[in-house]
Amino acid sequence: MDYLDFEEPIKEILDQIEKAKELEGESQVNMAKTIKELEKKLESTRKNIYKNLNAWQRVQLSRHPQRPYTLAYIEAMTDGQFIELHGDRNVKDDKAMVGGWGMLGDEPVMFIGQQKGVNTKMRQYRNFGMANPEGYRKALRLMKMAEKFNRPVVTLIDTPGAFPGLEAEERGQGEAIARNIYEMSKLKTPIICVIIGEGASGGALGIGVGDKVLMLENTWYSVISPESCSSILWRSWDYKEQAAEALKLTAEDMLKNKLIDGIIKEPLGGAHTDPKGMFEILKNELLKNIEQLKKVETDKLIPKRMGKFEKMGVTN
Amino acid sequence: MGWFVRNKEGITTKTEDKKETPEGLWYKCKKCKVISSVEDHAENLWVCHNCGFHERVNAKEYFSFLFDEGKFTELNAKMTSADPLKFEDKKKYTERYQATVKKTGLNDAVTTGYGKMEGRDVVIAAMNFNFIGGSMGSVVGEKIAKAIDHALKYHKPFIMVSKSGGARMMEAAFSLMQLAKTSAKLAQLGDAGIPYVSVLTDPTTGGVTASYAMLGDINIGEPGALIGFAGPRVIKETIGKDLPEGFQTSEFLLEHGFLDFIVERKDMKAKIAAFLKMVHNEDKSKASK
Chain A
1 MDYLDFEEPI
11 KEILDQIEKA
21 KELEGESQVN
31 MAKTIKELEK
41 KLESTRKNIY
51 KNLNAWQRVQ
61 LSRHPQRPYT
71 LAYIEAMTDG
81 QFIELHGDRN
91 VKDDKAMVGG
101 WGMLGDEPVM
111 FIGQQKGVNT
121 KMRQYRNFGM
131 ANPEGYRKAL
141 RLMKMAEKFN
151 RPVVTLIDTP
161 GAFPGLEAEE
171 RGQGEAIARN
181 IYEMSKLKTP
191 IICVIIGEGA
201 SGGALGIGVG
211 DKVLMLENTW
221 YSVISPESCS
231 SILWRSWDYK
241 EQAAEALKLT
251 AEDMLKNKLI
261 DGIIKEPLGG
271 AHTDPKGMFE
281 ILKNELLKNI
291 EQLKKVETDK
301 LIPKRMGKFE
311 KMGVTN
Chain B
1 MGWFVRNKEG
11 ITTKTEDKKE
21 TPEGLWYKCK
31 KCKVISSVED
41 HAENLWVCHN
51 CGFHERVNAK
61 EYFSFLFDEG
71 KFTELNAKMT
81 SADPLKFEDK
91 KKYTERYQAT
101 VKKTGLNDAV
111 TTGYGKMEGR
121 DVVIAAMNFN
131 FIGGSMGSVV
141 GEKIAKAIDH
151 ALKYHKPFIM
161 VSKSGGARMM
171 EAAFSLMQLA
181 KTSAKLAQLG
191 DAGIPYVSVL
201 TDPTTGGVTA
211 SYAMLGDINI
221 GEPGALIGFA
231 GPRVIKETIG
241 KDLPEGFQTS
251 EFLLEHGFLD
261 FIVERKDMKA
271 KIAAFLKMVH
281 NEDKSKASK
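So the sequence lines, in the order shown, correspond to chains A and B. End of the first sequence = 316 in our numbering, gap-free, step of one. End of the second sequence = 289 in our numbering, gap-free, step of one.
Warning: the hint list may mix true and false statements.
Heads up, simulated DSSO-like pairs for lysine-lysine below, C-alpha to C-alpha not over 30 Å straight-line [said to hold, decoys possible]:
#, chain 1, residue 1, chain 2, residue 2
1, B, K78, A, K256
2, A, K256, B, K286
3, A, K311, B, K86
4, B, K60, A, K258
5, B, K92, A, K256
6, B, K153, A, K300
7, A, K51, B, K86
8, B, K60, A, K311
9, B, K92, A, K186
By construction, these hints were calculated from the structure, which means they are not laboratory data.
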């Protein structure tokens, strides 16, 4: 397990517990009391640290290398009853964008999401979760299929941005994202979007227009990453922490500004400390929301969805 | 003592005392450096008479030649930005905003209005690049949404002249959601069968390209305009190579299938009007008052 800089105190206690256990094994000294005390200390330290996370720390957690990614969620939540579908039918299959049919409990659902890689090789294969236009077009193809069969769409968002490459521009990255936003705003079936990691700008919004937009507790969603914001507005990479604060990109701030519909709690310490627990929590949240949305008639669903986004923005 | 001491009286104006150059009599083309009189330049719709370079101009200029006799009624002229995030980088957003309002005499990066185009009622929105890089925040999104509402209500075609660096960072996620807001409005316009013409001018990038600028029934570009999602600098950094010549220009987009055609400024109005004549049923338009 990797630990972030602000998690050092936790790591220290964990190391101490480890050592105590070792000592107990070697020397037959009864360390039960010490271990119990350490464990108590661990819990309170954990609580304290995670209660007061600042924006930048949330960003770090959202990118934690052990954090579960889209396919892990889908596999677990569908109990393996998942048929992955490939390709945009035009250019190729984008490995940074995955999708397909899955059974969520008794509900057939169209899952779509960006996929990051779990190791160096896979990260490259998945292009670090940065989709190309064909990824967005594949996503749209799948959404249209969901509409055709009248099944809900669930998108799991986790991207540092749409890929800013030469070929992406040639194939119309801007058009692909714009088209998705346009079509999602009027798709005739319920859409639930969940930010499970990073929600960077147009790359996230390209699969992010829904009846319910939810954020996991330790994720971020904004118009730009704190690093890029720092480099543009402060003209230096060193102000990422200030930028993270200024952008108000945490789930809490986003909800306060009425830009999302809800926050989903993560296990203490973040999704990566208890992936199984996280999958269970999300599955239940999704089922609850699908249940609600299925009751809304389609001709009311779309004006409601559009109306929600039309209200966003503050002017004088 | 430095080596270079000014002994003779030369230029003595301090930098802070220098004034913005007043409206001059001459315009020097940024591309070919050929000089023409400001009057001639305006008459040529701010296009260089020598090399055809299309100078960046604002909504005011576009309205002057797109609307019949330059006459129009402005919509939501007074709307200004709030600062919902109390955003502050090196400078406060409110200060930056006020300074820009003062400098440009504009209230935000888009101007919207309705009037006639070759006798047909139309709604036009055009962006002002000199207002914080033509960036899209809540005001830009809201004014465009309101302009589309007007188009919907009176069944008038909607024309959008884009010129923007993308979403406005100082309004963060509020800016991002303007992509969704404007696109949702355009979806309504589309469902009502009302034509939408998107004109992409230099430059159109970022969130504006990733929303309304690319969603026209027809997308048309001015010659030589920079159009793209990611900026050229970012792409260069990503791929670690120089970009090919002409990358992300209107001509490049036309070649790759993202523009319907390229139009010179002098022909823009006639071309749009000709298109509208073929697709829009004028009898459906209602008089607006």
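Do the hints match the structure? See the list:
{"no.": "1", "hint": "B:K78 - A:K256", "result": "holds (27 Å)"}
{"no.": "2", "hint": "A:K256 - B:K286", "result": "violated (41 Å)"}
{"no.": "3", "hint": "A:K311 - B:K86", "result": "holds (20 Å)"}
{"no.": "4", "hint": "B:K60 - A:K258", "result": "violated (35 Å)"}
{"no.": "5", "hint": "B:K92 - A:K256", "result": "holds (21 Å)"}
{"no.": "6", "hint": "B:K153 - A:K300", "result": "holds (20 Å)"}
{"no.": "7", "hint": "A:K51 - B:K86", "result": "holds (24 Å)"}
{"no.": "8", "hint": "B:K60 - A:K311", "result": "holds (28 Å)"}
{"no.": "9", "hint": "B:K92 - A:K186", "result": "violated (38 Å)"}
The structure fails hints 2, 4 and 9 (numbered hints given earlier, in ascending order).
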